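Note that this note's numbering numbers the first sequence so that position 77 is 77, with each residue one more than the last.
Keep in mind the hints are simulated off the structure, nothing from the lab.
Remember, it's a predicted structure, so these values are computed and weren't measured experimentally.
All residues carry an ideal CB built from backbone N, CA and C; glycine is no exception.
Treat the hints with caution; some may be incorrect.
[To be verified] With a straight-line cut-off of 27 Å between C-alpha atoms, the simulated DSSO-like cross-links for lysine-lysine are:
| # | residue 1 | residue 2 |
| --- | --- | --- |
| 1 | 196 | 223 |
| 2 | 87 | 28 |
| 3 | 153 | 196 |
| 4 | 83 | 48 |
| 5 | 153 | 118 |
| 6 | 48 | 153 |
| 7 | 170 | 153 |
| 8 | 135 | 170 |
| 9 | 223 | 153 |
| 10 | 170 | 196 |
| 11 | 87 | 118 |
| 12 | 153 | 87 |
| 13 | 223 | 170 |
| 14 | 118 | 170 |
[What the hints assert, rightly or not] Pairwise CB distance ranges, derived in the manner of DEER restraints:
| # | residue 1 | residue 2 | range |
| --- | --- | --- | --- |
| 15 | 168 | 245 | 45 to 55 Å |
| 16 | 29 | 237 | 53 to 63 Å |
| 17 | 237 | 22 | 11 to 21 Å |
| 18 | 171 | 225 | 36 to 46 Å |
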Amino acid sequence: RWVYNRLIAGYRALGRYSRALDVFQDMKERGVTPDASTFCVVMDVLNKEGRFVEAVQMFRELQAAEGPMDVVTFSTAMYAFSKMGDKLGIQQAYQDMLKRGITPSLGCMNVLINAYSKAGNYAGAVRVFQSMRAKGPSPDFRTFSIMVDMRSKQGLAEEAEALFEEMEAKGMLQDSLVWGAMVQMYGRMGDVRRAKLWFRRMCQSGREPTVPVCNSLLFAMLKEGGMHSECHRLLDWMKGRGHAPS
RNA sequence: CAUUAUGCAU
1 RWVYNRLIAG YRALGRYSRA LDVFQDMKER GVTPDASTFC VVMDVLNKEG
51 RFVEAVQMFR ELQAAEGPMD VVTFSTAMYA FSKMGDKLGI QQAYQDMLKR
101 GITPSLGCMN VLINAYSKAG NYAGAVRVFQ SMRAKGPSPD FRTFSIMVDM
151 RSKQGLAEEA EALFEEMEAK GMLQDSLVWG AMVQMYGRMG DVRRAKLWFR
201 RMCQSGREPT VPVCNSLLFA MLKEGGMHSE CHRLLDWMKG RGHAPS
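When you get a sec, could you build the whole thing from the sequences and use the hints?
In structure tokens, the structure reads:
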């Protein structure tokens, strides 16, 4: 089993997803019993392949058969549910995990918040975030990044700014990429001044604005109008830094 | 003790 687990995880790490699934199939045919981590890796491979329905199906079979499951199993399943936009599935998976006496880790709570956010259950995400602040596990830079991203997608600028400031105060910015979310938010809102401000801040932090971040700023400048020379300057800047415009 | 989940696309 250990050898099979290593093989499947190894192919996953190499991005050879179909090979990983073949090995899993072979494992079952040879009568080697998968454990919790085997299923976690296989479900993750299905997620990486975009086969969320199959990932969820495997999860449901594990639930029904009382198969080996751990905190990662439920996290991986919640991720799959979120990609299908299944809010109820996320919630039920989380509740079932608690019912089975599994304690959610910080990582698991991050998956849960992100899943709610991506599925459009914003109130649910905020609820979980607040409960983490009150009762733990204490939110980390990823938790905050998820929340900043969500607020920026909602166009709630004050909330996003407040969260950014809190990250700054807590020293959570060093591993983070949240500037991009701020540029994109103001870009989408057509607020050129603030989009440019955050773009500059992103550069000053040493972070490289990605193509979509540059595009957001371009979008705002085009919407504003009369900024063609600035748009071209940004385009040239992108090319100069090796960012091929999409 | 080893393998596995979580933030970023106009």
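(message) Are any of the numbered hints broken by this structure? If so, which, sorted upward?
(response) Failing hints, ascending: 2, 13, 15, 17.
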